[in-house]
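Peer 1: Just so you know, the sequences run in chain order W and C.
Letter by letter, the first sequence follows residues 2 to 391 in my numbering.
Letter by letter, the second sequence follows residues 38 to 301 in my numbering.
Don't read these hints as lab results, they were simulated from the structure.
Cβ coordinates follow ideal geometry from the N, Cα and C atoms, glycine included.
Heads up, some of the hints might be wrong.
Said to hold, decoys possible - Covered, in the sense of this in silico footprint (three residues per stretch, anywhere, with C-beta under 8 Å from a C-beta of chain W), are these stretches of chain C: (1) 140-154; (2) 180-193; (3) 200-207; (4) 211-221; (5) 226-234; (6) 247-256.
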Amino acid sequence: MAGPQHVGAAILAVDELDPLIVALRDDGYRVVGPTVRDGAIVHADLESAADLPRGWTDEQGPGTYRARPTDGDARFSYAVGPSSPKRELFPPRQRLWTATSDSDASFQVVEEARESPRIAFLGLRGCELAAIRIQDRVFLRGSYQDEVYAANRSDTLLIAVECGSPAGTCFCASMGTGPRVDDGADLILTELLDGDPRFLVRVGSDAGAALLERLAYRDATAADLDAREQVVTAAAERMGRTLDVDGLPDLLMDNLDHPRWDAVADRCLACANCTLVCPTCFCSTIEDTTDLRGQTAHRDRRWDSCFGLEFSHATPASIRTSTKARYRQWMTHKLATWVEQFGTSGCVGCGRCITWCPVGIDITEEAAAIRRASDPTSADLPVPPTGARR
Amino acid sequence: MDQGIGRPTVAVWKFASCDGCQLSLLSAEDELLSIAEEVHIAYFLEATREVVEGPYDLSLVEGSISTPDDAERIRHVRDISTTLITIGACATAGGIQALRNFGDLDAFRSLVYARPEVVASLADSTAIAEHVPVDLALRGCPIETDQLVEVISAVLAGRKPLTPTHSVCVECKLRGNLCVAVADGTPCLGPVTQAGCGARCPAFARGCYGCFGPTESPNPASLSDWLEEGLGVDHPELLRLYRTFNADAPAFRTESRRHEEVAP
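Throw the hints in and build the complete structure from the sequences for me.
Peer 2: Right, here's the structure in full:
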């Protein structure tokens with residue numbers, strides 16, 4: 002992203018959201034943003050500002066999510082939904098190639114054509130921008146570049162809306178990924194609900210600046226900037242969860258035989274939900290199929306999870322047969338070994354793994370339990386009572 | 038006119054069952070002609086009276102072992118089959134009729150039949166694999182046509198069939214279903230049930246009924262504890278949740294027994 006030309010902040014009236022979406026669509030972008038569908042605030046294609054979740058909020062806790070209408074008029078008064086930009090950038094299923102054979106002697110392999118869809122993400126939270134940065138690092142800046150991700154990411158526009166309504170499972174403030182957003186997006190919006198509802202807009206790229214110029218804005222005042230400061234400060238104070246990341250990688254790796262892993266394995270369903278809703282988890286598997294006639298073969302890639310037995314299948318069998326081993330692998334990779342592998346934590350604090358765990362396992366509580374038990378000044382028992390299994 | 042030369046022979050067998058899984062093969066309308074061209078359907082009474090004598094390259098076995106005759110016949114089927122694949126919940130776990138394994142057969146029999154003494158039944162309805170070695174088990178009540186076509190394609194190609202053993206939750210997430218358990222508080226067996234159906238019920242906002250039986254590493258005790266404490270599902274209801282098509286699959290059987298003990 003080139004340096005921003007437009008340095009000051011602007012104010013958009015609420016009515017300008019629709020022209021914003023129209024402008025993006027006129028430019029050939031799919032606009033992917035929040036909308037209410039089937040009782041949840043999800044990311045989907047938006048046609049106009051009327052699709053936004055006006056007057057809706059979400060309530061989240063371990064293993065529970067509810068979207069609810071409110072008395073208010075806000076469009077972005079929710080935390081995060083069940084899906085993340087991962088679904089667009091690293092789709093759940095991707096065809097890699099098709100092979101066809103007309104005879105027994107020869108066959109032809111045709112790689113799937115890669116298109117670069119124009120996608121404008123509207124309403125990204127700090128945690129989601131951080132997740133995109135992490136997946137960029139994993140897929141684009143390692144030894145190999147992932148062609149599927151690269152194609153999907155190559156023509157994207159990122160429009161953030163700072164989070165003013167963190168949920169009960171959120172802990173982005175602990176991870177340093179939000180709610181405050183100062184870079185990493187083409188435009189950064191903050192919904193201001195004091196006085197006239199409006200959006201503070203800061204520009205993060207030339208593309209963002211050009212987009213803003215097509216809208217009716219006014220310059221922001223000091224009062225507007227103060228209002229934004231109040232929104233993000235209040236949000237940071239309302240985090241539902243905290244995760245103490247101080248020395249966390251070493252803490253976990255020094256406690257690989259801690260009895261807490263047995264306790265969490267008693268509760269864990271090994272269902273893989275946490276990994277699939279995680280905006281940074283990037284594992285996939287390859288599926289090869291042939292048709293009845295043996296004339297066409299497909300190679301597909303789909304999301305996989307370290308909670309599956311087959312994931313760690315190494316001849317002759319799976320090497321992580323216990324749920325304990327699989328949960329420990331996931332959590333230590335996410336919070337510890339990810340750092341040495343990619344230079345950051347693999348967790349952005351979005352809380353999805355807590356909310357969408359069918360039995361409400363809380364990664365922040367698991368980490369805290371190991372820390373407590375490792376702290377000689379702590380009075381806590383090293384292992385929770387088994388009654389804690391829910 | 039024998040068109041079967043060179044093509045693998047396939048036999049389809051029925052034991053105690055509703056025929057729904059065999060129908061899944063017959064209802065594979067787009068692929069049925071291709072299947073008939075690639076294999077020689079040699080024994081399939083649901084489809085044709087014409088019978089070609091065994092042995093057979095591939096036997097698809099529907100139904101559970103429910104009578105002394107069944108127990109004899111399945112050994113014969115195994116003897117004359119190179120590859121034996123069980124299809125459906127009856128064949129892989131005893132089926133809905135395995136509910137009798139939790140009750141008193143003589144009591145049922147005398148209530149249901151006018152002359153119970155002529156009904157020859159085993160005390161338990163059991164899976165095929167409890168009687169003979171099974172090469173592959175295809176889950177579901179009924180099986181999914183797509184999975185059956187995939188397995189036949191794999192057998193023909195000599196490759197591993199694509200029949201994942203992970204949870205239904207994976208299919209929900211791949212498909213983009215909203216989780217009915219988390220977002221609606223609907224009791225759902227998806228986290229402990231094997232994939233294969235494409236998460237059909239959750240896609241229609243219903244909880245998973247567990248048609249495909251337990252996952253590769255199920256933890257129904259934890260799920261039940263959550264349903265009980267979090268959603269207020271009581272023990273009789275939890276017992277019924279696990280006692281359907283796969284009631285006698287070990288993980289579900291053990292879990293429903295647990296609620297039998299504490300049920301008032």
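Peer 1: Look at each hint and say if it fits the structure.
Peer 2: Hints, one by one, checked against the model:
no. : hint    : result
1   : 140-154 : violated (count 0)
2   : 180-193 : holds (count 6)
3   : 200-207 : holds (count 6)
4   : 211-221 : holds (count 9)
5   : 226-234 : holds (count 3)
6   : 247-256 : holds (count 5)
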